[in-house]
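Given these sequences and hints, build the entire structure.
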Amino acid sequence: MDPINFVILASILFAIGSAAVLLRRNAIIAFMGVELMLNAANLALVAFSRIHGEIDGQIMAFFVLVVAAAEVVVGLAIIIAVFRARQTISLDEPAELKG
Amino acid sequence: MSFTTPEIAWAPLAPVIIVLGAAAVAILLESFLRSPETRRKVQLGVSLVALIAAAGTAIAQWAALEGAGTVVLDGMLTVDRQSLAWQVLIAVFGTLGALLFAARTRAGEEAFTPLGSVAPGSTEETLARRKGLQVTEVFPLALFAVGGMMLFTSVTDLIFLFVALEVFSLPLYILVALARRRRFLSHEGALKYFLLGAFSSAILLFGAAFLYGATGSTSYAGIAAGVASVTGVDALVLAGAVMVVVGLLFKIGAVPFHSWTPDAYQGAPTPVTAFMAAATKAAATAALLRVAYEAFHGLEWELSWLFWAVAIASMVLGTVVALVQTELKRMLAYSSVAHAGFILVAFAGFPDGALSALPFYLASYGVATLGAFAVITQVREKAEDGTVLGEATRLGQWAGLGKRSPWLAGAMALFLLSFAGIPLTAGFVGKFVAFAAAISEGGWPLVLIAVIASAAAAFFYVRLIVLMFLTDVPDGQEDAIEIDHSPLARVVVIVAVAAVLLLGIVPGPVLAAFENAGVLLLGAAG
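Residue numbers (the numbering used here), protein chains in the order written: chain A, 1 to 99; chain B, 1001 to 1526.
No lab work stands behind these hints, which were simulated from the structure alone. As the structure is a prediction and not an experimental result, all values here were calculated from the model. It is possible that part of the hints are untrue.
Only part of the chain A face toward chain B is listed, based on derived beta-carbon distances under 7 Å [stated by the list, open to error]:
1. Met37
2. Ala41
3. Leu45
4. Val46
5. Phe48
6. Gly57
7. Met60
8. Phe63
9. Leu65
10. Val67
11. Arg84
Partial list, computed: chain B residues near chain A (C-beta under 7 Å) [claimed, not checked]:
12. Glu1166
13. Leu1191
14. Phe1194
15. Phe1199
16. Ala1202
17. Leu1205
18. Val1462
Note that CB positions come from ideal geometry on N, CA and C, so glycine has one too.
Below is the structure:
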């Protein structure tokens, strides 16, 4: 199969992920959207790596995986802190900051 | 199969290694030192020593640098005068930030919550407070952020750019969530900052993947070579370049990527706001300069609409929305959005002058910002029974501050005049050199808008000055405000006042130093 199809799939996943971040009001779902975007970038990196016939892109994907894992740790910690304080993680609910 | 050990030139990385190494040591100290009080003193000492040592090392390297600079890690990092100048700047901001982190009120109250994991108002929180717990992890977190920012200014590879971006962003997300008072606001600011920050870094990463696909390289030099060899406009190159620039504009806080700025600035503990407002903007500007000048120079024509549109939108929207704010930290946040616009003005046409103008602009903006937020930590609300509460950040509460504390109000007025760009302050010289750089490449329409926006922005800065000096304290409010005397915060204010005046009245030596730093080491193909 032509590896460019994977790039197209990655673009679609990226679009779905960004739509989830911008449209969904649940912090966890929005966060899942971010993770989907990062993994779409990984897929694109690996597909391009295959197209170029070299290994660089795959190595970069490892860096991205590590960073994404660190981001999950920090993100979930913040979301849990918010949940403990308010018993909700809706992004519409906390509306003390406005203007 | 043989394995060749990569050659790594460690010496040019010394400033970054000092900061990140000290951060790792500081994390260890957390588990070995039992008493919160000793821990706080030791952590402050470690942070200050590391940051000052890093700044000193960077200055020494700058002075000793022969030729244009050094390429480290196979083209991943470039240490040249430009990156060293930014590293010095960020280390200085970090030092002032660490002093503010440690500042306490007269009643011994810190800016940070005693225990970040417990719910606001819960019994656990009261217990933690009574036991005298302290989140001394803020110092290593700040060190990690400074180390990441210093890397961010010198990376010349898009994947490493992404890693450095996360290294400095993740500690900042946590720091924002640790306010002692108004913890709901703090949590909310952190959540919004985190989601939008992660969103922007994902955009940057996907752009990097596109550029890798189009040019077969993620190093800036490789991308520049790929851009030059493509005839016409390759959609993949352009999409990738726009996404990388957008990711960085998020961090600078330019419209329409600014929506996290007011929330994070208001919600964060004020010392954190001071540090991140100054240092994040400097780091993001440095990275944007390097990407724009080294990787995307061939795309100048295609990208100029983006820089123009975002610069105009930031200046206009930042100024207009700041006019109607009644909350001080929020007003300064929108003023920082307008300043992001002024920074982008210097990118018009990618003039060479921007390489020396922007470090000066960010130096002047950074010290004034640190000073202004340090003043905010000193003005406190007071309950009727005399207990001192949180910071008084409603504009009305600052009425008559000039009579309560003329020196503090005078310092604040000086910082505001510097933001507005009034002559004899650092802000004037900063704006002058930035706009001069833009005019040199024909960006005069942009400069015209910038000058008009600065004039309009002067209105809300002056409004606060009038409020402080020419308005009387409202009746019945005489005892509602307490002026705090934290020695550490006062040191920051004094240093900032001195820096603003020095950079404003005798900018020559610093301008000359940054002039010397206005050179990028190009062509480091990896």
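When the least beta-carbon distance from methionine 60 of chain A to chain B is tested against 7 Å, hint result
At about 5 Å, which falls below the 7 Å cut-off, the nearest Cβ of chain B leaves the hint on methionine 60 of chain A intact, so it holds.
Satisfaction of the leucine 45 of chain A interface hint, Cβ to chain B closer than 7 Å
holds (5 Å)
Does the CB of valine 1462 of chain B sit less than 7 Å away from some CB of chain A?
violated (21 Å)
Against chain A, with CB atoms and a cut of 7 Å, does the hint on phenylalanine 1199 of chain B hold up?
Interface hint status for phenylalanine 1199 of chain B: holds (5 Å vs cutoff 7 Å).
Let me know if the C-beta of valine 67 of chain A comes in closer than 7 Å to any C-beta of chain B, holds or violated.
Result: holds, 5 Å to nearest chain B Cβ.
Hold the hint about valine 46 of chain A up to the distance rule: shortest CB distance to chain B must be less than 7 Å.
violated (9 Å)
When the nearest CB of chain B is found for methionine 37 of chain A, is that gap smaller than 7 Å?
holds (4 Å)
Regarding the hint that glycine 57 of chain A lies at the interface with chain B, is the smallest CB-CB distance below 7 Å?
Interface hint status for glycine 57 of chain A: holds (6 Å vs cutoff 7 Å).
Chain A contact restraint for leucine 1191 of chain B - C-beta distance below 7 Å
With Cβ-Cβ at 5 Å, under 7 Å, it holds.
Against chain A, run the beta carbon of phenylalanine 1194 of chain B and see if the smallest gap drops under 7 Å.
holds (5 Å)
Against chain B, is alanine 41 of chain A within 7 Å by beta-carbon distance?
The hint holds - alanine 41 of chain A has a Cβ within 7 Å of chain B, the shortest such distance being about 4 Å.
Report holds or violated for the interface hint on phenylalanine 63 of chain A, using the least CB-CB distance to chain B and a cut-off of 7 Å.
holds (6 Å)
This entry does not satisfy hints 4, 9 and 18, going by the numbered hints stated previously.
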